[in-house]
Amino acid sequence: MNTIPMSYFLVLSAIMFSLGAIGVITRRNPLVIFMSLELMFNAANLTFVAFSNAFGNANGQIFVFFVMVVAAAEVAVGLALIVAIFRARGSIDIDLMSSMKN
Amino acid sequence: MLIETITSVRILQLVSWVVFFPLIGLLINLVIGRKLGERLSGGIASLASGLAFVTAFLLLVSLNSNPEAPHVYRLAEWINIGSLVVNWDFRVDTLSVTMMLVVSGVGTLIHVYAIGYMHADVRLNKDPERYTRFFIYMNLFIMMMMILVSAESYLMTFIGWEGVGLCSYLLIGFWFEKGKDGVGNAIAAKKAFITNRVGDFGFLVAMFMIFLQFGSLDFTRVFAAGTPTGELGKWVVIGISLFLLLAVTGKSAQLPLFVWLPDAMAGPTPVSALIHAATMVTAGVYLVARSAPIFAMSAFGPDAVAWVGTITALFAATIAIGQYDIKKVLAYSTISQLGFMVAAVGMGAYVAGMFHLITHAFFKALLFLSAGSVIQGVEYGHHHAQHVDHHVEFDPQDMRNLGGLSRRMKVTFWVYLVGALALAGVAPLAGFFSKDEIVTFALGKHPVMFGMLLLAAFFTAFYMTRQVWMVFFGNARTEAAEGAKENPPVMTVPLIVLAVLSIVGGALNLPHVETLQHWLERTIHGVHPAEFSFVVAGVSLAVAFGGILSGWFFYGRKHWELGQVDPLKKLLGPVFTVFERKWWVDEIYNVFVLQPYKDASAILAEPIDQKLIDGTANGLGKLTGLVSRGLGLLQTGFVRTYALMIFIGVAAILGYLITR
Numbered sequence: 001m002n003t004i005p006m007s008y009f010l011v012l013s014a015i016m017f018s019l020g021a022i023g024v025i026t027r028r029n030p031l032v033i034f035m036s037l038e039l040m041f042n043a044a045n046l047t048f049v050a051f052s053n054a055f056g057n058a059n060g061q062i063f064v065f066f067v068m069v070v071a072a073a074e075v076a077v078g079l080a081l082i083v084a085i086f087r088a089r090g091s092i093d094i095d096l097m098s099s100m101k102n
Numbered sequence: 103m104l105i106e107t108i109t110s111v112r113i114l115q116l117v118s119w120v121v122f123f124p125l126i127g128l129l130i131n132l133v134i135g136r137k138l139g140e141r142l143s144g145g146i147a148s149l150a151s152g153l154a155f156v157t158a159f160l161l162l163v164s165l166n167s168n169p170e171a172p173h174v175y176r177l178a179e180w181i182n183i184g185s186l187v188v189n190w191d192f193r194v195d196t197l198s199v200t201m202m203l204v205v206s207g208v209g210t211l212i213h214v215y216a217i218g219y220m221h222a223d224v225r226l227n228k229d230p231e232r233y234t235r236f237f238i239y240m241n242l243f244i245m246m247m248m249i250l251v252s253a254e255s256y257l258m259t260f261i262g263w264e265g266v267g268l269c270s271y272l273l274i275g276f277w278f279e280k281g282k283d284g285v286g287n288a289i290a291a292k293k294a295f296i297t298n299r300v301g302d303f304g305f306l307v308a309m310f311m312i313f314l315q316f317g318s319l320d321f322t323r324v325f326a327a328g329t330p331t332g333e334l335g336k337w338v339v340i341g342i343s344l345f346l347l348l349a350v351t352g353k354s355a356q357l358p359l360f361v362w363l364p365d366a367m368a369g370p371t372p373v374s375a376l377i378h379a380a381t382m383v384t385a386g387v388y389l390v391a392r393s394a395p396i397f398a399m400s401a402f403g404p405d406a407v408a409w410v411g412t413i414t415a416l417f418a419a420t421i422a423i424g425q426y427d428i429k430k431v432l433a434y435s436t437i438s439q440l441g442f443m444v445a446a447v448g449m450g451a452y453v454a455g456m457f458h459l460i461t462h463a464f465f466k467a468l469l470f471l472s473a474g475s476v477i478q479g480v481e482y483g484h485h486h487a488q489h490v491d492h493h494v495e496f497d498p499q500d501m502r503n504l505g506g507l508s509r510r511m512k513v514t515f516w517v518y519l520v521g522a523l524a525l526a527g528v529a530p531l532a533g534f535f536s537k538d539e540i541v542t543f544a545l546g547k548h549p550v551m552f553g554m555l556l557l558a559a560f561f562t563a564f565y566m567t568r569q570v571w572m573v574f575f576g577n578a579r580t581e582a583a584e585g586a587k588e589n590p591p592v593m594t595v596p597l598i599v600l601a602v603l604s605i606v607g608g609a610l611n612l613p614h615v616e617t618l619q620h621w622l623e624r625t626i627h628g629v630h631p632a633e634f635s636f637v638v639a640g641v642s643l644a645v646a647f648g649g650i651l652s653g654w655f656f657y658g659r660k661h662w663e664l665g666q667v668d669p670l671k672k673l674l675g676p677v678f679t680v681f682e683r684k685w686w687v688d689e690i691y692n693v694f695v696l697q698p699y700k701d702a703s704a705i706l707a708e709p710i711d712q713k714l715i716d717g718t719a720n721g722l723g724k725l726t727g728l729v730s731r732g733l734g735l736l737q738t739g740f741v742r743t744y745a746l747m748i749f750i751g752v753a754a755i756l757g758y759l760i761t762r
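Chains U and C are the protein sequences, given in the same order. Per this note's numbering, the first sequence runs over residues 1 to 102. Per this note's numbering, the second sequence runs over residues 103 to 762.
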């Protein structure tokens, strides 16, 4: 079990996080953005778990549960918002949501 | 029982009512005055002033049997900061009660007169709505004057001092939209107010120095402090007396601040009589008399006061000779007579000064009110004249337009004659005794002062004769004067009362009886009784008759014709022009004070304020706007841009933390 080096987890996590970030910044569909966000959460979760395992400390794993719960709640709120915006605007293209400008 | 009551010392506690009665009167008129109608509104104002007089009279009776002066009554606490303690204390002593009686007594008569005068005046000026406002201001004035004279501290006196100045301003500018170019009256009011400010500055500085030196502003404590020892204290006291003198020159229209008083004649005539002749302008004389202990400590303060008064007395008298406006003559005469009073109090003749203040209040109020009666009589004649082009400006105050009024306005003529003779100092009228006392004192003080005051008295008799002849004798020179009509009793009865007072007023302080002397001695200690001298009395009487005779010589022998040159001008030439043009004092002030001040203001206003200060403020505003517009470009409205910003920000912070 302990044969996989720590750096592998961290590199994978960094790749996942970067992919998620690029997704958030470049995509116009909020659903895809949410998915990218989830990717970022999970990248963070992966590091938590990896460090927890490496140091033999359960705190990191408990934190992961918290992150998952909060993420689920956030997605619920976010999806509700998207539905509301779609009803009001007929579109959910994120670039059209710029009424705050000026 | 009644006598016991009114002579008891408890009566003195009523003193605050001399302030409250006018206050109640003005409040009634302020709230419901317009609904009351003219007679009731004016009647309430007169009653308020009259009740203040009754109160003052009760104080007089009570004070007479309770001589242990001064009595101080506290109405309320006011200021209590560290060692500065000032309360609303009323001071009842012989000096303050004397002033209260003069103010409310003459004030009440003028209120009654004004009921009739303002009735015509508001119609002439086409704004009857303003009738009540006049009486509100008048009651406010009486109230402020009462605060001034009944105060127990310099600060409270100052409140009254400023209050009467405010009323003066409001009443000079009563017809503020009238006058030359529609702003003449407003400018006159402003001039009075600003000139008085210069004097008020003196009062304030004097107050600061008094507090510094004596640690209190209360009269009782300041006067009890005694002469300060040491070189510094000596100079502080001299400073106090000189700054008080500055205050006096402002309020009592002495050189060099007298210029506002002639212009103040823009106010309605009862105002000229009450404020600018009988009461307010004598506040300066009262202030010096009240501060007698301070002046007694000061080295050359009293001499400065005496010389300022003497020079003013002569200077203003010369100007009065060359004036044609009936009220302007009286205005310069007032300045001159105030000079007599100031000279008297400066010489230490406090009683003589106060005596002249009282008699002058009688006869000068009488003269002004009679002049008002003349003006209104002639206005009436002007309005009913047949062959007059009413579009041409007619000045009923210009004596060259009058003449022959003695037949048409009999009452006014006789009371005017009484006032003029009293002012000229003809025995046994009131003015003779008071002026004689001052002149006698001057002889003992300085022969030059004596000579100047006698010369001023000569001019006084001369210009009053000139005025009486130009107004009342000869032929009516215009149709308006032809048709002049006597005024109703509401105006003439106060005139008759004042005329009687002008005749018998001298009895207040007859030589060797000296009622006023003994009365005031209880408050102002160390005043020497006047030495009545038949020689001086004879000389001053001779001077008065000399003035009258020479006045008759120039103006009485031949009737004045319309458009003629003043007979005196033919004789004196340029000298008369100097008098006529008032020594060019206004022009000199304009060149040396006003114009530099206006230029400095223009520089401060245009380049400094508009360009520098406003430029800085507006520039800062513009800079902020520019910066925010630049920053606003960052707000694109695209969520993804914001997200990118956040990532960059986080990356930057983390990068900094890691590489630190």
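Hints should not be assumed to be uniformly reliable.
What the hints assert, rightly or not - Ranges between beta-carbon positions, derived for each pair:
hint	chain 1	residue 1	chain 2	residue 2	range
1	C	ILE748	U	SER91	49 to 59 Å
2	U	VAL32	C	ASP716	23 to 33 Å
3	C	ARG731	U	ALA76	17 to 27 Å
4	U	ARG27	C	GLY721	41 to 51 Å
5	U	ILE62	C	ARG731	20 to 30 Å
6	U	ARG27	C	GLY751	58 to 68 Å
As the list claims (entries may be wrong) - Just a sample of chain C residues kept apart from chain U, beta carbon distances all over 10 Å, derived:
hint	residue
7	ASP405
8	PHE740
9	LEU746
No lab work stands behind these hints, which were simulated from the structure alone. Quick reminder that beta carbons are idealized off the backbone N, C-alpha and C, glycines included.
Each hint tested on the structure:
1. ILE748(C) - SER91(U): 49 to 59 Å: 24 Å, violated
2. VAL32(U) - ASP716(C): 23 to 33 Å: 56 Å, violated
3. ARG731(C) - ALA76(U): 17 to 27 Å: The hinted range 17 to 27 Å is violated for ARG731(C) and ALA76(U), with Cβ atoms some 40 Å apart.
4. ARG27(U) - GLY721(C): 41 to 51 Å: 46 Å, holds
5. ILE62(U) - ARG731(C): 20 to 30 Å: At 49 Å between Cβs, range violated.
6. ARG27(U) - GLY751(C): 58 to 68 Å: 21 Å, violated
7. ASP405: The claim stands: ASP405(C) keeps its Cβ more than 10 Å from every Cβ of chain U (closest is about 79 Å).
8. PHE740: 6 Å, violated
9. LEU746: Given that some Cβ of chain U is not farther than 10 Å from that of LEU746(C), nearest at about 5 Å, it is violated.
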